[in-house]
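*Asks:* Here's the letter readout for the chains.
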Amino acid sequence: MIRFILLQNRQGRTRLAKYYVPFTDAEKHKIEHEVHRMVSGRDQKFTNFVDYQNRKIIYRRYAGLYFSLCVDSSDNELVCLEIIHLFVEILDHYFSNVRELDLVYNFHKVFAITDELVLSGELQESSKKVILDRLGLLEKIE
Amino acid sequence: MASAGGYRGLHNFINEIRQCNSKEAERARIDKELANIRTKFKSDRGLSSYEKKKYIWKLLYIYVLGYDVEFGHMEAVALISSTKFSEKQVGYIAASVLLHENLEFVRLVINTMQKDLLSRDENYQCMALTAIANMGGREFAEALSGEVLKLLISSSTRNVVRKKAALCVLRLFRRNPDIISHETFALKMGNLLQERDLGVLLSSMSLLCGVVAVDSRGYEVVIPKVVAVLERVAKGIDIPQDYTYYGIPSPWLHVKALRALHYFPVIENDGVWTKLQEILRRTISSAPIDKNTNKNNALHAILFESISLMMHLNMDSEVLTQCVTLLGKFVSIKEPNIRYLGLENMSRLSLVPEMMTTIKAHQEQIQLSLNDPDISIRRRALDLLYRMCDAQNSHEIVDQLLSYLTTADFAIREELALKIAILSERFASSLQWYVDVIISLIDKAGDHVSDQVWYRVVQIVTNNEALQSHAAANVLRKLQDGSSHETMLKLSSYILGEFGQLLQGSTREIFHLLKDRLGSATAPTKGLILSAFAKILVRSPEDTEIADSIKEIFKRYGSIPDAELQQRSVEYAVLSGKKEATEVMSLMPKFPERESSLVKLMSPESNEASLPIARGRNVDRDAEALPSATQSNDLLDLDDAIENTVPVVPLTPEEPAKAGQSDPLDLLAGLSVTEEAPAAAPPAASGNNAADPFGGYSDLTVGNSSGGSGLTPQLAGGSLEDWHSKLCVSNKGVLYQDQYLQIGVKADYQKAQGRIMLFLGNKHTAELSNVVLSIPPIPAYRIQLGSVPTSIAAQAQVQVPVAVSCVEASLDAPKLQVVYHVQGEAAKLDLQMPVIPTKFFAPVANVDTNSFFTMWKSIPDAPLKLQQIAQTTNALDMARTQGLVSAAGLTVAQGIDPSPSNVVGVGAFNCESSGETVVMLRLEIDPRSYKQYRITVASNNALLTSSTKEFLVKELNR
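Chains as they are written, first to last, in full-length UniProt numbering: chain A, 1 to 142; chain B, 1 to 958.
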């Protein structure tokens with residue numbers, strides 16, 4: 001299962017942090033710091049996987065943003081890697097050509113999007129259309 | 001410019017934060033905003049709906065930036081109970097991010113969630129389900145699982161709700177597996193998997209994986225349904241366009257379905273089996289290579305998952321060879337992700353005999369990956385080399401790892417050193433080889449080798465005369481080559497002091513090599529060098545030049561400030577002149593044979609999703625391979641791991657574990673004939689009445705100070721024994737109470753360490769003066785008592801922290817002596833600290849049946865395995881008994897003992913002297929009366945076994 005999702009920029013600013021297991025705030029800060037240090041120090045030619053505390057970080061860099069998932073060490077790495085890409089495609093559609101600033105100003109919407117994609121640390125829906133339609137519908141109620 | 005979703009104030013605030021050019025400026029801006037928000041929420045004016053939402057979003061943004069916004073928790077929770085959709089939505093999202101299940105605070109929302117689950121508006125239901133799935137804990141499982149399960153199963157639930165309900169059930173199941181009744185849920189699961197909607201199917205499949213990962217028995221009925229789903233995605237039947245990903249029907253659902261099947265040992269239905277084989281064959285014969293990265297990844301994800309399943313299900317050898325060839329290809333491929341996965345999957349499958357031959361054929365290729373620039377690949381290569389090591393290739397692999405050690409970077413050295421230590425002992429073909437490897441290891445990576453490892457070498461060399469001159473020559477060579485690592489120096493000093501004279505004519509050189517290193521050595525090493533000199537002096541008195549130099553050194557060290565070295569030098573100097581010296585300095589006696597500690601056979605932490613690896617194939621190899629699986633995961637504590645894996649003397653190549661050869665149930669039955677345990681030791685937990693100066697706990701009068709003072713404390717609200725015994729199974733409660741003083745305890749234990757807070761409350765109307773607390777030292781625990789105020793004002797409470805480290809298992813508990821005075825009269829209390837070995841138990845997750853029995857069988861009878869039959873006056877309630885076993889720190893292991901009236905428990909005891917020791921319990925309760933039971937406790941430490949058993953017997957009989 002996914003234990004947390006992090007979106008961080010190259011400077012280490014957290015743009016999204018979503019935890020599916022309980023951590024205290026201090027632990028969260030430590031995790032965010034360590035994960036950023038680990039993934040940002042890696043060469044582009046390296047694998048997209050790093051061991052982290054008996055688990056694994058599956059990460060991918062898009063422009064200046066690192067998307068990282070922490071998963072169990074027995075989880076299927078490639079399928080997790082593609083969850084990241086699916087997430088990015090959905091953000092891209094939703095914000096039409098997503099940029100980091102979209103995520104900054106609309107951080108609350110990013111939480112709502114994440115909730116439609118991943119739940120209980122598992123992928124909830126793999127259809128972009130279903131997710132985007134759902135988000136559109138929720139906004140109409142608002 | 002991106003806008004903040006219509007909240008202008010929020011947008012401006014984010015702008016201002018972005019413009020702050022220093023951390024201080026940002027902090028100042030945020031403090032200002034927090035003050036503003038606080039005032040707004042406190043104001044009587046009442047906030048508009050828009051304002052409430054805006055301020056919560058601001059708080060959430062501040063939280064995301066890493067600041068504390070605790071005061072806002074209540075406001076977020078308040079929004080959840082709003083009747084307005086948009087307010088509720090903001091409240092739920094914010095609370096899901098700000099709060100987590102371990103905060104008591106979150107329970108406040110359970111009621112609202114329940115209402116929302118029952119709402120007629122599916123959007124309210126969705127919000128509640130999402131929030132539960134985000135932050136639900138055990139209480140949520142108890143209060144809400146009924147409603148959530150209803151939503152999952154009801155035929156009127158729409159897909160958007162059902163898929164959320166499925167994952168919500170998964171979350172609650174992970175917190176409390178009892179929310180699902182296995183008998184009825186398997187059929188419901190089967191119905192869910194017949195769903196047409198692929199979103200619902202994906203969520204349901206994830207739920208299934210979570211459930212069968214814990215226990216797949218009873219769920220065999222869903223296998224045909226899973227295979228049908230698999231067929232649908234594999235062949236692309238009835239897949240809507242938006243469920244394809246780069247042209248591939250949902251790779252996520254495909255992989256999940258394969259994974260679900262992995263949790264079943266066999267597929268029994270022939271028709272289903274044939275269909276599954278056909279699907280899997282198709283997958284591997286269309287080996288994917290695609291230019292598009294995403295498509296390529298998706299195809300490989302499916303391929304790797306399929307290979308893994310095929311190996312697990314033991315398909316025919318032709319197909320297996322094909323899998324093995326594919327993996328062989330991957331480990332030499334250039335693309336890093338695929339090579340990484342090739343290595344990892346080979347590691348996972350290294351238990352499969354067919355795989356082993358191929359892996360060995362690729363040994364060279366794998367060794368090359370040890371030098372890859374990417375540490376992730378190096379780690380997998382190291383793991384794989386470690387796993388593929390056996391009696392035939394062990395010398396080559398260990399040599400390879402040793403030479404890699406010289407160039408390996410720091411990030412991996414520790415892990416590498418540990419693996420070398422483990423492999424060299426596991427596959428030691430001779431003691432000499434083992435000793436040589438460890439000496440090289442210490443030479444090259446001394447920093448990562450714990451003291452236990454060199455002690456071990458000393459023991460082996462001392463106990464085996466044939467090795468002595470060889471080992472002495474080896475360490476001498478290392479010193480000659482310039483080795484001067486502290487650990488190497490300690491080992492060399494000891495070995496050369498003891499056995500240096502076996503190397504003819506080297507005494508002079510040994511002396512000089514050690515003397516050169518004496519000045520810069522640390523004090524403990526200096527001590528060892530001085531002892532070596534003393535031995536040289538006494539055993540080779542004929543070389544007067546050396547003798548004079550050594551005496552000179554003793555003289556010099558005889559006046560240095562370090563008391564230990566000073567005394568040692570003075571004593572050696574005096575001793576060397578006496579005729580008894582030769583006797584005193586003769587060879588050390590042999591060491592007693594040490595027990596092998598089989599800890600770590602059990603996984604200390606394994607995640608629920610861990611896959612059974614080739615379970616159906618080869619049971620005894622499986623059991624054998626377990627330690628490697630855990631050690632490779634837990635490398636942080638080198639000391640512990642080495643300590644725990646240090647072998648018995650003499651070293652022999654490991655015998656295959658025999659767990660699989662007999663029925664595991666027979667194993668337990670066989671043990672039942674063990675005779676009664678020897679005379680019971682006094683319970684560790686309760687006070688030993690004979691030694692109790694107050695003559696037992698039932699006396700209400702405690703005070704009887706020797707000074708003959710007149711103060712008589714009367715116990716209030718309980719007895720010493722009751723309080724103590726409650727605290728033995730709880731970490732919070734009253735330790736003592738009389739009309740003047742109450743002592744409360746709150747404790748927190750982590751492995752071998754405990755932090756206890758004593759709360760001393762003065763109940764009296766006058767001051768308690770001259771308060772003195774003391775804890776007399778006992779060998780089993782190292783205890784530090786914090787400062788105690790000399791007086792406690794009337795009606796006041798003071799806190800006294802106590803730090804406890806468990807050094808070893810013991811039947812003795814530390815005492816707490818308390819003296820206080822009321823108006824000049826003294827009261828003196830002698831209390832028992834609720835510090836007992838079970839407090840230092842850590843839970844053991846996922847106890848594997850095989851390893852449990854392997855270990856159970858490996859522990860001999862008394863005193864390591866103790867058994868007792870006892871009667872209780874009241875019938876034992878199963879729930880209470882299991883609760884008691886858990887409260888004692890043992891993890892109740894389900895599914896190991898088939899009888900429902902029996903309880904099996906496992907715990908990992910932690911102490912400083914021997915690290916982690918596994919304790920196992922089997923409790924057989926007479927199912928007719930529930931009043932008679934037989935308890936068996938086993939561990940590799942007799943004191944631990946007996947204290948655990950006594951404790952449980954006492955608690956069970958209460």
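Please note: incorrect hints may appear among the correct ones.
Said to hold, decoys possible - Distance condition first, Cα-Cα at most 25 Å in a straight line; then the derived BS3-like pairs of lysine-lysine:
(1) B:Lys751 with B:Lys726
(2) B:Lys115 with A:Lys140
(3) A:Lys45 with B:Lys751
(4) B:Lys115 with A:Lys128
(5) B:Lys726 with A:Lys45
Worth flagging that the hints you see were computed from the coordinates, not collected in a lab.
*Asks:* Would you mind marking each hint as holding or not holding in the structure?
*Replies:* We went through each hint and held it up to the structure:
no. : hint                   : result
1   : B:Lys751 with B:Lys726 : 21 Å, holds
2   : B:Lys115 with A:Lys140 : 23 Å, holds
3   : A:Lys45 with B:Lys751  : 40 Å, violated
4   : B:Lys115 with A:Lys128 : 31 Å, violated
5   : B:Lys726 with A:Lys45  : 59 Å, violated
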